[in-house]
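> Once you have looked at the hints, place chain B on chain A.
If you're matching them up, the sequences are chains A and B in order. Mapping of the first sequence onto this note's numbering: residues 1 to 218, in sequence order. Mapping of the second sequence onto this note's numbering: residues 1 to 218, in sequence order.
Certain hints may be false.
If chains are identical, the list can't say which one is meant, so a pair holds when it fits in one copy or spans any two.
As the list claims (entries may be wrong) - With a straight-line cut-off of 16 Å between C-alpha atoms, the simulated EDC-like cross-links for lysine to aspartate or glutamate are:
1. LYS90 x GLU39
2. LYS90 x GLU79
3. LYS35 x GLU218
4. LYS184 x GLU130
5. LYS81 x ASP94
6. LYS90 x ASP164
7. LYS184 x GLU62
8. LYS159 x ASP202
9. LYS2 x GLU218
10. LYS119 x GLU218
11. LYS35 x ASP216
12. LYS22 x GLU80
13. LYS22 x ASP154
It is worth saying that the hints were derived from the structure and are not from the lab.
Protein chains: 2
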Amino acid sequence: MKLYGYFRSSASYRVRIALNLKGLAYDSVAVHLVKNGGEQLSASFRALNPEALVPALVDEHEGNEMALSQSLAIIEYLEEKYPASPLLPKNLLDRAHVRALALAIACDVHPLSNLRVLKYLTGTLGMSEEQKNTWYQHWCMTGLRALEEKIAADPRSGKFCYGDTPTLADCCLVPQIYNAQRFKCDLSSVPQLMRIHQNCMDLAAFDLAAPANQADAE
Amino acid sequence: MKLYGYFRSSASYRVRIALNLKGLAYDSVAVHLVKNGGEQLSASFRALNPEALVPALVDEHEGNEMALSQSLAIIEYLEEKYPASPLLPKNLLDRAHVRALALAIACDVHPLSNLRVLKYLTGTLGMSEEQKNTWYQHWCMTGLRALEEKIAADPRSGKFCYGDTPTLADCCLVPQIYNAQRFKCDLSSVPQLMRIHQNCMDLAAFDLAAPANQADAE
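For reference, chain A alone in the conformation it holds in the complex (with noise of 0.2 Å):
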């Protein structure tokens, strides 16, 4: 398998995190989302993926070479063709609620604060730099602390996430921190989700998976 990505993507992050904690080997095409103009919107990229975002994971099937996009898409897909090392527990409730956990971060905190929708704000709209920071602390924070009272009042939170292992939505939490981190937001209010943030980088699946240590990471 080959992932097009990007060291510091949140959504690249997440997919080496769940291929790590699966023990699957891939290659690493690295994808610069700043330099020349953006990699992504190259013709050759977007022949991959016309939604000119990373990751892209390439694998085979009967001999062609499939390109699957969006990080949760790419987790599931791994999930189903690779079940040991599950990342979603049996239990069809138990399911949803991971797959919730993971989404809150995916849909309602991550866009909100991607590299594309940021440069929109400093460019397009005129925001200044300390607007452009606030935007993305309040939106990053208002996502996180639901999520910490969500865990908080659920007895099916554990060492991690969803009892006491690894799940998706580790693999969506762990690159959102770090996120939040580089934008030094306050993350005192959340500490359930630094508790487990911190079980999750003890592992050697999240660590090898962190930006610092991809190959392209600068």
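Showing chain B alone in chain A's frame:
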């Protein structure tokens, strides 16, 4: 089952379509996102879903009521619990494709045009109505054009986003087109999506789920 939603909420609309496509009966509970300072922010609704977002689906499980959140997690739950009239194909790569189409809307288009985001733009950031509408149209059409390109290029596209039976992708597409029309987006550049949208709206499952046909419609 009880679906807490709002007639105009895209995410609620997605779940209504899925329930109808599967022929599942449900009771609607209206949560007005504007009146009373936003009923989704009330203590009673937050007890159900700390994220303070619609929809929430309440289902019975061993005599207890369980609340599920996040539209895509709810639809995956319905798919697993009620496999008849499947909303995902069988083949793993095709499942990943359909999920990626759905997520391209749910993660890359819809979050940027959420009511709370638009309010932040005009409120906190002091943007004009025109800037707000330009923002909406920019993100909506960036996402929809990428989707158009993907669907136009893919041999699996048919009467619907994938093949000739509606899937999870169509559950997400139709509410986004409704939203785009509301914000007066020029949809002439996405003819494949508009063709699929029409094919969906010809079906009772989609029509009955439309905002105008809800009890709380204004």
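> It remains to establish, for every hint, whether it holds in the given structure.
Hints, verified against the model:
When the C-alpha separation of LYS90 and GLU39 is checked against a cutoff of 16 Å, the pair qualifies neither within a copy, at 39 Å, nor between copies, at 34 Å. For the homomeric pair LYS90 and GLU79, the shortest alpha-carbon distances inside one copy (12 Å) and between copies (14 Å) are both at most 16 Å. Proximity of LYS35 to GLU218 under the C-alpha cut-off of 16 Å is restricted to the intra-copy arrangement: shortest distance 12 Å within a copy versus 49 Å between copies. With identical chains, the CA atoms of LYS184 and GLU130 are at most 16 Å apart within one copy only, with a shortest distance of 12 Å there and 32 Å across copies.
When the C-alpha separation of LYS81 and ASP94 is checked against a cutoff of 16 Å, the pair qualifies only between copies, where the shortest distance is 12 Å, while the shortest distance within a copy is 20 Å. Only within a single protomer do LYS90 and ASP164 lie at most 16 Å apart by alpha-carbon distance; the minimum there is 14 Å, versus 31 Å between protomers. In the homo-oligomer, the alpha carbons of LYS184 and GLU62 never lie at most 16 Å apart, since the shortest distance is 46 Å inside one protomer and 44 Å across protomers. Within a single copy, LYS159 and ASP202 get their C-alpha atoms as close as 12 Å, which meets the 16 Å cut-off; across copies the closest is 49 Å, which misses it.
Taking the shortest Cα distances, LYS2 and GLU218 never come within 16 Å of each other, neither inside one copy (21 Å) nor across copies (50 Å). Taking the shortest alpha-carbon separations for LYS119 and GLU218, neither the intra-copy value of 20 Å nor the inter-copy value of 37 Å comes in at or below 16 Å. With identical chains, the CA atoms of LYS35 and ASP216 are at most 16 Å apart within one copy only, with a shortest distance of 12 Å there and 49 Å across copies. For a Cα distance limit of 16 Å, the shortest separation of LYS22 from GLU80 inside one copy, 12 Å, qualifies, whereas the shortest one across copies, 23 Å, does not.
Proximity of LYS22 to ASP154 under the C-alpha cut-off of 16 Å is found in neither arrangement, the shortest distances being 26 Å within a copy and 30 Å between copies.
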